[in-house]
Amino acid sequence: MAPHTATIFSTAGNESSNTDGAIVACEYLPSLGVSGWRAGLVALALGGVILAIGWVIGRDAPTPSPGTSVPVIDADVTLACTQTFSLVCGELASRFGFASTGYTLGSEIASDTVVIGFAGDLPAEATSFARSPIAIAIWAEKAPRLQQACGAVDPACLVGEAGTRWEELGGSPDWGTLRLGLADPETGIADLEAWKLIADQQPGPGFRQFVPLTSQDGGSLLRDLVLFSSRADAVVSSEVAIAAQLANARARAGRLDVFYPEPTPYLPVAALGEGRAANSFVETLSGPEIQALLGSLGLRPLTGEPTDLLEDLGEPGTEAAGASQAERPALVASWDTLIGT
Amino acid sequence: MITRRGRRSWPLVLLALLAACTSGGPLTTDGSGVVVPGGCEEVPIATSPEKFTLFTSLAETFNATETEFNGECAVITVYRASSGAAARMLAEGWPEDGSAGPLPVIWSPAASTWGAIVNERLAGRGQAPIANDFQRVMITPLVLGMPRPMAEALGWPETDVGWADVLQLASDPEGWGALGHPEWGDFRLGKTNPNFSTSGLAATAATYYAATGKTSGLTGADLDDPEVLEFVRGVEAATVHYGDTTLTFLDNMYRADQEGRGLTYASAVAVEEVSIIAYNRGDPADTGTPGPPPRVPLVAIYPEEGTLFSDNPAYILDAPWVTEVARQAATAFRSFVIDDATNQQRVLEFGFRPGNPSVAIGDPINSANGLNPNKPDTELAVPDPEVLTALLDSWEENRKTARVIMLFDVSGSMADLAGGGDTKLALAKQAVLSGLDNFKPDDEIGLWIFSTNLDGDNDYIEVIPPAPLEDVRPQLEESINGLVADGGTGLYDSTRAAVQAVRDGFDPTKINAVLLLTDGMCDDNPPGCELDPLLGFLGSNERDVVRVFPVAYGEDASIEELTAIANASAARLYQATNPLTIEAVFQQVISNF
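Chains Z and S, in that order, give the protein sequences.
37 is the number of the first residue of the first sequence in my numbering; add one for each residue after it.
582 is the number of the first residue of the second sequence in my numbering; add one for each residue after it.
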């Protein structure tokens, strides 16, 4: 096991120096009732100590991306994500010089590792730092046809028109019938909420044949939608899972349009660390600098609006209550009955 | 994007190699020739053949940089295993004699349908599924490869073409004449056996889908629908013959093309998109050493009813023989192959569409190669596992019927010991008797034997004329059990006579063929062993072709001569150089019918 290393945060990209410790001390000592030359001495002493610690343990600090102002953790931290959060892990790892790896829900968290996932899928001690609504992704050329047919691209429209020939909806005969993609609700909370939106529309017994794309989780669902673009026309999943594949979709198969059910559940996104350095990074996720990055990761802050939101993501409406614990077994059972695995 | 921190472990590899060499430790060799240092755990990959070269190359790079997992040494090795055969072995038991390589940690068949079939078969035995955890290495759609002029005659590329067009042309008594090209004869389809080949499985599923008009949700009831079965039988009726690999069709088509008869062998072959690229660069078997480009290139028809993808999964098996170290090594290797964009670019070089969605589809998947990267418009859903297994049963009942003479060498050399205390004849008898299970009851099977002067001047005897297996099976078994070895090898005139007998009773609704099993070279009296007249005879009838599938049995069979015989009738040679493999080889031969 790699030795745990004490963590020191610095503000990289501007002064980029641990002398920041002294500056911080100078700023905060007056509020503690210390001022004048005494405060200066204390600040210098504190700064010296911090400098010394920083010199000892901060010799090979990873270099953050130029031009950004993000905290740096001087330790070997690995970010672990399911496919749904692949963009989040990939981008954060790239910015911090960390490693990133895949993660299977429920598996053990390795030391010096931060797992990022939906709070409902992680142990209770995980710290929420963002949220993601459930959304609908549909191939852009088909979206206007469905919007025209239903008035809105929402779960009622998807269930009502599933299996309808696109020709009848004003689309191309080459598109065949309207087909959907969904993820197994037993695997994760987001997939359960996505399925609830569909199940609430009470699809009939023949619904299965109009859902040719099924996956074990939302991330895999979106990846498969891009890989096999003619397998399904629309999927219901978390916005963050959709965001992870928007660029890939453009490069590989075409643009995806994103719609939001009204109302739609918002799912808290959380992180859980194993080891000191990992836990320090978890705390950093709630800090202003990473919060400012959330939009570019396909996430939204727990409160307020995201900045720098990914292109193609829109404005979700009001927040719906999620599935209660009591509803969950029935939802899983309805999936097994209507879709199966 | 998921990234991984590589470890530079060359010193470890060298140390392990040195330790193995100096201590006399065991060194094993894999299918690709990689040496596994003593003290290192071997992590074998069993891959379908088309990925062997790619995996071998990637494993070499990976092994050079990363060999330590959980503090222990592990090395990735690569073995070929055709998808259907590996699926069967994983479900029924992997051979312990090493003939199929070691038990795999990673299994990469051509499509995840095979994983579903393995799990379904294991479930049928009350066993837990083992093919669960997979990621896709690369993907390629099933297409109908068609000579460009024929595709154009059907309206390609402006008009979408599909299985219904195949059925219509195949059932039209005028054949291509209905489209103004009587010189092309009947519509002939090359389609592999779905029990052996991924392309065959996908094409068969696509045919059933096309018959129902569905694109997903194929059910058991659909498989029993008389209208569906009539459609399926109509398409199957156009089949030239089946077989275990699409390479047979592409090879034969290429050979015919090079002889200026490119439009005579088959009108369309159900192959993966990637195969069209290989064919059009003059390398139908994808050997890496292309010949001249074909005179008539193939284009890809993406059936308008929809098609399936071969999704080339890499499974890390949930099997008891997979250790934690092996699992870690396998996971790291899989990530190296899939998550690394550079490695995914190599997938494109091989003509596949990358399995990593962040890597765009590019050359050589382009119109210059007769392909359309924006197709297919519709993808068919992989049927549920229980429907898939029922579909295979249904296909067995509704496939094109065969009319085959088994021409069996009973020359004196067949009495030689072949290993394990059995004679070559005894092993061959057992293979033929087991192989009878792979025919369907209404296949017409005959038995001829040959050596020299068995019937006066004739070197052959008709033991049982072709008749439905269900009628003659007991006589066949009795006759086969009673065969004895004696005399020389009157190979050529016996082959000629058997082919003539099949021609005399030629049935255009059946696959008409001779299955020739021989362990030697022709040693008949002159002029009985002149090859050219036989080859001329075999190739003399382009319409009602009787195909000869030779099995070169043992080390003394003439591969060269038997290959010429197979090629002359646009069939394929099978080799059982090691007599102990005859049973498996015989099953492959019978997959043609």
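By construction, these hints were calculated from the structure, which means they are not laboratory data.
Treat the hints with care, since some could be wrong.
Stated by the list, open to error - Ranges of calculated distance between the beta carbons of each label pair, as one might list FRET restraints:
id, chain 1, residue 1, chain 2, residue 2, range
1, Z, A366, S, R706, 44 to 54 Å
2, Z, L338, S, D944, 45 to 55 Å
3, Z, P241, S, P1046, 46 to 56 Å
4, S, D974, Z, S332, 33 to 43 Å
5, Z, A366, S, P871, 16 to 26 Å
6, S, E808, Z, E203, 47 to 57 Å
Quick reminder that beta carbons are idealized off the backbone N, C-alpha and C, glycines included.
The hints, checked one at a time:
1. A366/Z with R706/S: 44 to 54 Å: violated (33 Å)
2. L338/Z with D944/S: 45 to 55 Å: holds (46 Å)
3. P241/Z with P1046/S: 46 to 56 Å: At roughly 54 Å between Cβ atoms, P1046/S and P241/Z fall inside 46 to 56 Å, so the hint holds.
4. D974/S with S332/Z: 33 to 43 Å: Violated, since D974/S and S332/Z (Cβ atoms, about 53 Å apart) do not stay within the stated range.
5. A366/Z with P871/S: 16 to 26 Å: violated (60 Å)
6. E808/S with E203/Z: 47 to 57 Å: violated (23 Å)
Violated hints, listed in ascending order, are 1, 4, 5 and 6; each of the other numbered hints is respected by the structure.
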